[in-house]
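Residue numbers (the numbering used here), protein chains in the order written: chain A, 2 to 142; chain B, 2 to 142; chain C, 2 to 142.
One or more hints might be untrue.
Unchecked claim - Straight-line alpha carbon distances no greater than 27 Å define the calculated DSS-like cross-link-like pairs of lysine-lysine that follow:
id, chain 1, residue 1, chain 2, residue 2
1, C, Lys140, B, Lys141
2, A, Lys14, A, Lys65
3, A, Lys141, B, Lys140
4, A, Lys140, B, Lys141
5, B, Lys140, C, Lys141
6, A, Lys141, C, Lys140
7, B, Lys65, C, Lys65
8, A, Lys140, B, Lys140
9, C, Lys65, A, Lys65
10, B, Lys140, C, Lys140
11, B, Lys140, A, Lys65
12, A, Lys140, C, Lys14
As the list claims (entries may be wrong) - Pulled a few chain C residues facing chain A out of the computed Cβ check, cut under 8 Å:
id, residue
13, Gly38
14, Thr53
15, Glu55
16, Cys112
Keep in mind that the hints were calculated from the coordinates and are not lab data. Glycine is no exception: its CB is placed at the ideal position from the N, C-alpha and C atoms.
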Amino acid sequence: MELETQTLTFDTKGFNDIIDITARLQRLLNDGNYDEGRMLVFVPGATAGLTTIEYEGGLIQDMKDFFDRISPMESHYHHNDRWHDGNGYAHVRAAMLKPDLTIPFVHQRLCLGTWQQVVLIDFDNRPRKRELVVQICGKKH
Amino acid sequence: MELETQTLTFDTKGFNDIIDITARLQRLLNDGNYDEGRMLVFVPGATAGLTTIEYEGGLIQDMKDFFDRISPMESHYHHNDRWHDGNGYAHVRAAMLKPDLTIPFVHQRLCLGTWQQVVLIDFDNRPRKRELVVQICGKKH
Amino acid sequence: MELETQTLTFDTKGFNDIIDITARLQRLLNDGNYDEGRMLVFVPGATAGLTTIEYEGGLIQDMKDFFDRISPMESHYHHNDRWHDGNGYAHVRAAMLKPDLTIPFVHQRLCLGTWQQVVLIDFDNRPRKRELVVQICGKKH
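With the hints as extra help, turn the sequences into a complete structure.
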């Protein structure tokens, strides 16, 4: 079994920016000749998270509406009282969504549904450069 | 260390159908003679998710009430405007719950609490046949 | 590649008690001389969960406010009707947050952001002794 850790960098716009990272993840498998195993994706930082969605414009808007509803940007946050950076809402959303996602792969392909893409969501209130940690554990062919 | 990937199939009714999959997962450990390691469970598709709950009728209803509250079926979803399949609510819930769960095991048993079961939740608005990917990584005895 | 499973015990106060467990996790890596790999953290039981946050007093309060808003303690829960233990709200929150978290590490350090700590959140309505399962899979140096 092989273990390999890489980083992938993404420029994000913040404010619930939802980025499809599937192709970049799949390419790591191809480049490494991995056949079967699992890929751990992790975003260091406390204002972004990872999940999967059907990546299409309607749902991207629905996800923004959802997060605005359960943790509104305009609500009062104690975090903002202390740090005055105005991103308390982003911290709460990121903690709920969590920074890790593990995806199995077989026959050199991530085991995703046809309409299921891996997304990085950046909740912060400014553009960021995000460096994801991608760790592959599996067998090469 | 051994690595093995299998699939498990479940017929689901949709509409927040919550299915206890613990016994089927534990059986894979027993059949494979696994002693110590971790089991990754993953549901391909963008309208279902995985977590653990105490599997009893009261809580099953509470979980449905919870998801109805934070992402109501009757709300407006842009996804529905585009695709007219009426399951925008299901996409949002699944993205929040996420499609992956990793459970450690030792002495041939999943490390779950006594009143903690692994569940597949199918949020879609129709019956589905769901094929879960279960990947075991660990030592045999 | 090495595989090792340990347990860590924490006394919790319940009622959304948020505990920074980062230092204890990092110490396990140091003690085991692990260089590169991943750490799976799992909380057995159905009324607690794991995630990462910036561990500071303002945000700790914001997280409590958030959970009180999406799954209020005082709402009606069918779980309470059946079991009369009054912790239905805790079950719902724990199911949403999920009991697992996987963190990669390289060069003997967990790949966390500078202001990102790993937290155990105990939602239950009484003090508990929580035993976490921590499973490390990786290379030693």
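Now for the hints, and whether the structure bears them out:
Restraint check for Lys140(C) and Lys141(B): satisfied, since their Cα atoms lie roughly 19 Å apart, inside the 27 Å limit. Of the pairs offered as hints, the one joining Lys14(A) and Lys65(A) holds, with about 14 Å between alpha carbons and a cut-off of 27 Å not exceeded. Restraint check: the Cα-Cα separation between Lys141(A) and Lys140(B) comes to about 19 Å, which is no more than 27 Å; the hinted pair holds. A C-alpha spacing of about 18 Å is found between Lys140(A) and Lys141(B), which places the hinted pair at or below 27 Å, so the restraint holds.
For the proposed pair Lys140(B) and Lys141(C), the alpha carbon gap of about 18 Å is at most 27 Å, so the pair holds. Distance hint between Lys141(A) and Lys140(C) is fulfilled; the C-alpha atoms sit about 18 Å from each other, no more than 27 Å. Restraint check: the Cα-Cα separation between Lys65(B) and Lys65(C) comes to about 22 Å, which is no more than 27 Å; the hinted pair holds. Proximity of Lys140(A) to Lys140(B) is assessed by CA-CA distance (about 16 Å); at most 27 Å being required, the pair is judged to hold.
Of the supplied pair hints, the one linking Lys65(C) and Lys65(A) holds, its CA atoms being roughly 22 Å apart against a limit of 27 Å. A threshold of 27 Å between alpha carbons decides the hint, and for Lys140(B) with Lys140(C) the separation of about 16 Å falls inside it, so the pair holds. Between Lys140(B) and Lys65(A) the CA atoms are separated by roughly 43 Å; this puts the pair beyond 27 Å, and the hint is violated. Proximity of Lys140(A) to Lys14(C) is assessed by CA-CA distance (about 44 Å); at most 27 Å being required, the pair is judged violated.
Given hint, Gly38(C) at the interface with chain A, holds; its Cβ is 6 Å from that chain's nearest Cβ, closer than 8 Å. Interface hint at Thr53(C): satisfied, since its Cβ lies 5 Å from the closest Cβ of chain A, which is below the 8 Å cut-off. Satisfaction of the interface hint for Glu55(C) is found here, the shortest Cβ-Cβ separation to chain A being roughly 4 Å, below the 8 Å cut-off. A hinted interface residue such as Cys112(C) counts as satisfied when its beta carbon comes closer than 8 Å to some beta carbon of chain A; here the least separation is about 5 Å, so the hint holds.
This entry does not satisfy hints 11, 12, going by the numbered hints stated previously.
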